[in-house]
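Protein sequence lines, in the order shown, are assigned to chains A and B. If you're matching positions, the first sequence starts at 1 in the numbering used here and goes up one per residue. If you're matching positions, the second sequence starts at 424 in the numbering used here and goes up one per residue.
A few of these clues could be false.
Stated by the list, open to error - Reference listing, derived: stretches of chain B covered by chain A, where coverage requires no fewer than 3 residues with Cβ under 8 Å from a Cβ of chain A:
| no. | segment |
| --- | --- |
| 1 | 447–453 |
| 2 | 524–532 |
| 3 | 635–648 |
| 4 | 693–703 |
Claimed, not checked - Simulated pairs of lysine-lysine, DSSO-like, Cα-Cα distance not exceeding 27 Å:
| no. | chain 1 | residue 1 | chain 2 | residue 2 |
| --- | --- | --- | --- | --- |
| 5 | B | K504 | A | K314 |
| 6 | B | K571 | B | K669 |
| 7 | A | K49 | A | K407 |
| 8 | A | K314 | B | K668 |
| 9 | A | K391 | A | K369 |
| 10 | A | K131 | A | K314 |
| 11 | B | K504 | B | K668 |
| 12 | A | K391 | B | K593 |
| 13 | A | K112 | A | K131 |
Hints listed in this document are in silico derivations from the structure and should not be mistaken for laboratory results. Bear in mind that the values here come from a model prediction, so they are computed numbers and not experimental data. All residues carry an ideal CB built from backbone N, CA and C; glycine is no exception.
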Amino acid sequence: MTDLLIKNGRVIDPANGVDGQFDLLIEKGKISAVKKKISDGSRKIIDAKGKWVAPGLIDIHTHFREPGYEYKETIETGARSAAVGGFTSVACMANTNPVNDCGSVTEFILDKAKSALVNVHPIGAVTRGLKGEALADIGEMAQLGVAALSDDGKCIMNGSVLRAAMQYASMFGLTIMEHADDSAISQNGSLNEGEVSSDLGLTGAPAIAEDVITARDISIAEYCKAPIHLCHVSTAGCVQLIRHAKDRGVKVTAEAAPHHFSITEDACRGYNTNAKMAPPLRTDSDVTAIIEGLSDGAIDCIASDHAPHSLFEKEVEFDNAAFGIVGLETSLGLSMALVHGGHMTPAKLIEAMSYKPAGIIGIDRGTLKPGAVADVTIIDPGLEWTVDPSKFKSKGRNTPFAGRELKGKAVYTIVKGKVVSKC
Amino acid sequence: MTDLSSSDIGQIIETAKVMKAISERDVKKTPTLRGRTVINFFTEPSTRTRTSFEIAGKRLSADVINISAAGSSLSKGESLKDMVYNLDAMKPDMLVVRSGFAGVPSMMTEWIECPVVNAGDGRHEHPSQCLLDLMTIQEKKERLEGLKVSIIGDILNSRVAKSNMIAMRKVGMSVTACGPATLLPVNIEKIADKVTSSLDEAVDGADVIMALRVQTERLERIGFPNVREYSKLFGLGLERMKKAKKEALVLHPGPINQGVEISPEVAEGPWSVILDQVTNGVAVRMAILYLLLGGGLQIND
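Put together the whole structure using the sequences plus the hints.
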């Protein structure tokens with residue numbers, strides 16, 4: 001394996017409190033030194049002048065659709081999409097077919113993951129078949145190495161099942177990632193309940209559907225002294241609940257998806273099915289609250305909820321269109337707007353996209369400490385580019401951001417010392 | 424109705440008045456749209472609207488074809504987009520579309536060039552119904568501006584109410600929305616001038632009272648406890664009408680649940696213009712076809 005010297009970059013490594021101009025040396029797939037000046041020797045050199053050298057980015061919420069829906073995405077194409085987006089590790093949700101609720105499915109995913117461009121960590125289901133009733137084979141999946149547990153796509157509606165799952169999962173040090181949505185309230189609403197849903201004559205899912213489950217989950221976690229992670233937080237109410245829970249020491253973590261802090265329910269106008277996702281795009285005040293949550297740490301990390309679908313699942317009536325958008329290739333660019341807009345420092349953003357998510361799923365990444373595995377992302381913070389879905393490496397083209405101009409992009413993605421993507 | 428201006432509405436109503444005369448002749452037909460093909464593509468059950476569009480097309484000599492969901496390939500698993508492309512490939516001059524899903528007509532206009540007329544889409548809009556309501560009111564009251572209208576019932580799920588609230592305020596009418604709090608949209612304060620859950624208040628002083636159909640099978644238990652209570656609180660009966668102006672008009676988009684949202688005495692009483700609405704429906708739809716297909720001036724022949 002060739003050694004790699006990344007010179008003259010701004011090394012941003014929040015895990016170790018590093019932010020400044022350093023050279024970074026990678027030897028045998030590991031970080032071997034971060035110093036002011038490292039001599040070239042006969043190494044392969046990347047000049048990172050004007051760029052950020054960050055721990056490899058981590059996205060703990062993706063849907064790679066394999067097994068079962070390979071026409072939407074495979075582990076191979078999903079991982080390639082991740083690499084282009086600057087991600088070196090991703091966790092993929094359990095709502096495949098069959099559901100990842102037992103060891104054999106976990107093994108299948110891990111086997112496919114071996115040849116993927118980036119590190120792919122399966123997330124196991126909380127309940128068998130995502131039905132919210134009986135517990136999935138949590139112990140078996142834990143031993144094989146699932147990163148976390150989630151019924152994502154569905155909320156665990158029975159609080160007693162959630163409580164049992166939290167207690168059981170705690171034996172294996174696994175965190176439950178909740179898709180907070182009281183389905184009795186949201187009634188499969190296809191966008192936020194409000195002015196836009198009313199104008200369009202569509203059933204909306206009100207913010208309270210997410211808020212009440214968030215409040216319930218926090219109470220259960222507090223009582224069980226177990227961790228809970230709240231996926232794709234989209235409402236101002238949830239940010240508030242999470243902030244207060246953290247203040248009193250509840251083991252709650254949360255993620256926000258770039259679309260929830262970049263656009264609002266207005267994107268659904270004209271029946272744009274590429275703006276349909278769960279939870280739905282909300283209002284301006286929710287967007288503001290999420291940005292505040294990210295900047296004050298109420299929300300720990302950014303995760304894309306990468307949800308590829310085929311064209312025919314989106315070119316239908318809004319009510320019948322599939323929920324979700326692809327996100328891996330736009331996540332960093334959209335998130336960089338928080339830095340350019342002065343809402344987050346570069347270090348804070350990198351932390352929310354590497355070190356923090358690594359901690360939530362318990363993987364030893366997100367750091368540039370000498371000795372660590374050399375997962376590194378080099379970011380050009382000033383690179384301006386336009387989102388063109390036809391160029392996505394993902395199989396999915398479903399994004400509301402087509403044509404959007406973004407500033408900031410991963411220019412090198414390095415996994416275990418090897419460049420897996422560059423632009 | 425979001426896209427139509429007040430003067431567009433006026434033009435359609437004026438044209439419809441001319442069209443209405445055709446329906447009053449012995450020979451109810453003009454050659455205006457001879458050689459034009461209109462497809463009524465209805466993927467939701469409808470008797471009144473479909474028949475009305477069909478008659479409108481035929482009175483203008485267009486070739487009218489009806490396709491309903493049960494007999495179409497939608498039931499054979501063909502996607503909507505494919506179905507629409509196939510219809511378009513047969514070169515119709517116009518598609519008249521009814522769908523149970525909001526937004527279908529507007530999505531279709533993005534897929535194909537052929538003009539699309541919305542004949543009611545989910546809980547979104549029902550423009551031709553709205554226009555025939557306005558035409559009926561205009562005929563009877565000889566004006567629209569300044570009139571007070573009360574719309575009563577399930578406003579949340581009614582595309583008729585939605586279209587009317589948008590259009591009526593555009594032409595200068597003031598709209599009171601009245602219904603159970605469970606059946607009002609979240610932004611009702613923004614789309615109506617006044618909101619009340621008291622039927623007496625809504626009826627008092629109104630120039631126009633529009634009762635909406637209540638889908639009892641869907642709404643009982645959660646929208647309201649039972650039909651009896653609904654008709655007690657929101658049913659338009661003779662007693663209520665005593666509080667209304669003598670010259671008030673009563674409209675209903677049909678079909679009527681007799682004795683639920685309106686009593687037979689009121690539906691057939693002196694205030695009622697419900698059958699005028701149906702007659703004007705044909706005229707308004709003739710006007711829509713005529714204006715969109717640009718039939719020329721031979722209309723008065």
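Status of the hints after comparison with the structure:
no., hint, verdict
1, 447–453, "violated (count 0)"
2, 524–532, "holds (count 6)"
3, 635–648, "violated (count 0)"
4, 693–703, "violated (count 0)"
5, B:K504 / A:K314, "holds, 11 Å"
6, B:K571 / B:K669, "holds, 14 Å"
7, A:K49 / A:K407, "holds, 17 Å"
8, A:K314 / B:K668, "violated, 51 Å"
9, A:K391 / A:K369, "violated, 34 Å"
10, A:K131 / A:K314, "holds, 25 Å"
11, B:K504 / B:K668, "violated, 50 Å"
12, A:K391 / B:K593, "violated, 45 Å"
13, A:K112 / A:K131, "holds, 26 Å"
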